[in-house]
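Trainee: If you want the building blocks of each chain, they are given just below.
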Amino acid sequence: MAATVTTTATTGKTWGGGNEPMGASYGKLMMWFFIVSDALTFSGFLASYGFSRFKFLETWPIADEVFTHFPFLHGVDAPMYYVALMTFILIFSSVTMVLAVDAGHQMKKTKVAIYMLLTIVGGFIFLGSQAWEWKNFIKGEYGAVETKGGAILQFVDASPEHKRVSLDEFAATLPTERVQKTRSNGIWFEEGATLGEYSVEEVIEGFKANPNLLVRTEVLNKDKQKTILSREESIKRLEDAAIVVRGANLIRNEYGHKLFANFFFFITGFHGFHVFSGVMINILIFFNVLLGTYEKRKSYEMVEKVGLYWHFVDLVWVFVFTFFYLV
Amino acid sequence: MAHSHESNTKRIWVVFGILSVITIVEVIFGILKPDALYRTELFKLNLLNWLFIILTIVKAYYIMWAFMHLEGEKGSLRWSIVAPLVFLIIYLVFILLMEGNYVFEVFHDSHYKWLF
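Residue numbers (the numbering used here), protein chains in the order written: chain A, 1 to 327; chain B, 328 to 443.
Incorrect hints may have been included.
[Claimed, not checked] With a straight-line Cα cutoff of 30 Å, these simulated DSSO-like cross-link-like pairs (lysine-lysine) come out:
#1 371(B) / 108(A)
#2 360(B) / 258(A)
#3 111(A) / 401(B)
Rather than coming from a laboratory, the hints here were simulated on the basis of the structure.
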């Protein structure tokens with residue numbers, strides 16, 4: 001077990017240099033230093049997500065209702081299956097990575113190369129999946145209205161299941177003189193809000209013309225469901241409407257509290273950036289394996305070091321999965 | 328050479344099996360949300376969420392011990408990695424969640440509007 005190369009000169013001076021006090025080489029120890037500090041960075045992000053969520057516990061969006069897409073299943077409500085799939089992809093690429101490390105211990109160059117390649121492919125599939133997830137999140141689905149106070153009002157039908165209703169299904173078309181202003185319109189004009197698909201008036205008119213519609217607020221009731229207002233309350237609440245929201249960005253989103261989207265973009269984005277860097281480093285090491293660099297060095301420890309980083313990325317995803325999608 | 332040359336392939340696949348099973352269990356519970364767990368609170372968190380957090384930590388243990396090979400490292404290295412993480416993360420999470428809960432109560436019981 002002991003990997004320490006103790007020479008007579010350093011006997012009695014464990015930390016005097018020339019040996020490996022913790023049984024790990026310099027490179028590996030430095031990789032662990034990086035991982036521990038990066039793990040604390042991610043903990044900071046996730047803990048601040050927890051802070052904001054506890055702060056707005058009563059109005060926080062329900063993740064199951066936000067992430068419901070699955071490729072090729074249009075209109076099917078599939079909460080969590082897609083992220084579960086992404087989790088599998090990442091865990092599996094971790095397995096191929098650790099198999100590459102294992103093959104490296106046995107100095108089997110071809111096997112290391114094949115497993116590294118599989119890991120890289122897994123990384124790319126994960127990145128693609130994440131891009132698709134972002135696309136759906138940004139595009140939005142049903143659309144909502146934001147009030148002057150910053151609350152999000154969504155629309156449901158009056159059936160007992162209270163199915164969500166898209167703005168497209170009821171928004172009225174009003175004669176309008178709305179014009180998208182641009183800088184060429186005026187000398188002093190800097191920038192203005194982009195015109196949405198619908199104006200607030202169109203949504204309100206459409207709502208009034210459809211007696212089958214109700215407003216759903218962000219507030220969670222005792223059954224841990226979003227509160228649905230009565231018809232009268234709904235119309236009254238809509239008077240506060242200030243802007244029509246569809247999809248998500250860093251300023252507002254149709255799913256509920258704006259911090260939800262901000263944390264989602266920031267944390268999954270930061271993780272995705274790590275995955276991307278991991279794939280790039282893996283590609284580098286893969287070519288080194290092919291060129292026989294480690295064969296010459298008689299040690300595949302470099303594969304082990306990038307392996308540590310790759311598993312760390314997987315480790316972080318396990319936590320992101322829990323706190324964004326499950327809890 | 329830090330490690331012996333025998334293959335650990337079997338161990339790797341066993342751990343992959345464990346991680347997969349845990350993930351599947353998590354997803355099943357996440358979709359079913361059994362009332363007995365979902366509606367019972369313990370320290371401001373329902374039992375279902377406690378279950379998810381514990382399963383996540385079990386997963387983290389297997390990833391770190393088997394994949395990142397901490398089980399084969401010296402005890403001193405293992406502790407230097409795990410102890411600071413465990414201590415600092417629990418400390419940070421405890422403080423932030425307490426504070427978050429306090430702010431929630433201010434919003435909830437005081438005269439502020441919910442967004443300011």
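Trainee: Are the hints correct? Go through all of them and say.
Mentor: The hints, checked one at a time:
1. 371(B) / 108(A): Not satisfied, since the Cα-Cα distance of roughly 52 Å exceeds 30 Å.
2. 360(B) / 258(A): holds, 26 Å
3. 111(A) / 401(B): Between residue 111(A) and residue 401(B) the Cα gap is close to 28 Å, so the pair holds against 30 Å.
The earlier numbered hint that this structure contradicts is number 1, and it is the only one.
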